[in-house]
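Trainee: Just so we're aligned, residue 1 is where the sequence shown starts under this note's numbering, counting upward by one.
Source of the hints: derived by calculation from the structure; they are not laboratory data.
Hints should not be assumed to be uniformly reliable.
Said to hold, decoys possible - Label pairs and their computed distance ranges (CB to CB):
1. R81 with S52: 23 to 29 Å
2. S48 with A86: 41 to 47 Å
3. A56 with A124: 37 to 43 Å
4. A127 with A35: 24 to 30 Å
5. S57 with A146: 16 to 22 Å
By construction, the Cβ of each residue, glycine as well, lies at the ideal position given by its N, Cα and C atoms.
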Amino acid sequence: MAADASASASASAFETAYIDAYATAGISAKAAARAARARAAAAQRFASRTGSRTSASIEAQSRVFLAAATARAIEAEFEARGAASARVTAVRAAGATLVAQLRAATTTAQRSAAEAQYKATVEAQLAAETGASQAQLAAAMASTAAAKTVLTASVATASTGPAVASAYAAFYTSARTALDADLSADLAVEVLLLLSAF
Numbered sequence: 001m002a003a004d005a006s007a008s009a010s011a012s013a014f015e016t017a018y019i020d021a022y023a024t025a026g027i028s029a030k031a032a033a034r035a036a037r038a039r040a041a042a043a044q045r046f047a048s049r050t051g052s053r054t055s056a057s058i059e060a061q062s063r064v065f066l067a068a069a070t071a072r073a074i075e076a077e078f079e080a081r082g083a084a085s086a087r088v089t090a091v092r093a094a095g096a097t098l099v100a101q102l103r104a105a106t107t108t109a110q111r112s113a114a115e116a117q118y119k120a121t122v123e124a125q126l127a128a129e130t131g132a133s134q135a136q137l138a139a140a141m142a143s144t145a146a147a148k149t150v151l152t153a154s155v156a157t158a159s160t161g162p163a164v165a166s167a168y169a170a171f172y173t174s175a176r177t178a179l180d181a182d183l184s185a186d187l188a189v190e191v192l193l194l195l196s197a198f
């Protein structure tokens, strides 16, 4: 038990230090989350070349790191846009819960459920903050489907890490265009772009 707690604390400290290093280097939380997403996708894409146990471990760890970086970026967006403190607190708590649930998860289904719960919580806070309805947010996310299809195909055929990063850069450009056409609130656009990781 003590060894598990120590390992979990060490992993948490590493994730925090890694994310903080981006901030120390002057890189925004949003850019760090996008980098974490591309890194996670590349790790999962190329982990398939390893054994199934190693691949599963890499997927689990990359999802935790991606969640930590994305949750911090979403919280930063709410703060930067002057969101109500109760909403910032709710988003922060949801992020902490997500990371804890991902660390404890032992199956892909558990990880997906934790991510879905986080996404729903953030969308509810986003709707309350911006006045956009849940239906408007869902329609805006649906408008990114074409960009996601291209992204999925590009990552599946990528033969290098830089190719994965390029696929994500193209995705963010295309998805932003789609979201900008559907939403007027900058907070909604930025947060939905970040939520598209889940």
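Trainee: Does each hint fit the structure? Answer for all of them.
Mentor: Verification of the supplied hints:
Between R81 and S52, the C-beta spacing of about 43 Å breaks the proposed range 23 to 29 Å. Separation of S48 from A86 is about 43 Å and conforms to the stated range, judged on CB atoms against 41 to 47 Å. For A56 and A124, the hinted distance range of 37 to 43 Å is not satisfied, since their beta carbons lie about 31 Å from each other. The hinted range of 24 to 30 Å is satisfied by A127 and A35, whose Cβ atoms lie roughly 28 Å apart.
For S57 and A146, the hinted distance range of 16 to 22 Å is not satisfied, since their beta carbons lie about 33 Å from each other.
In this structure, the hints that do not hold are numbers 1, 3, 5, in rising order.
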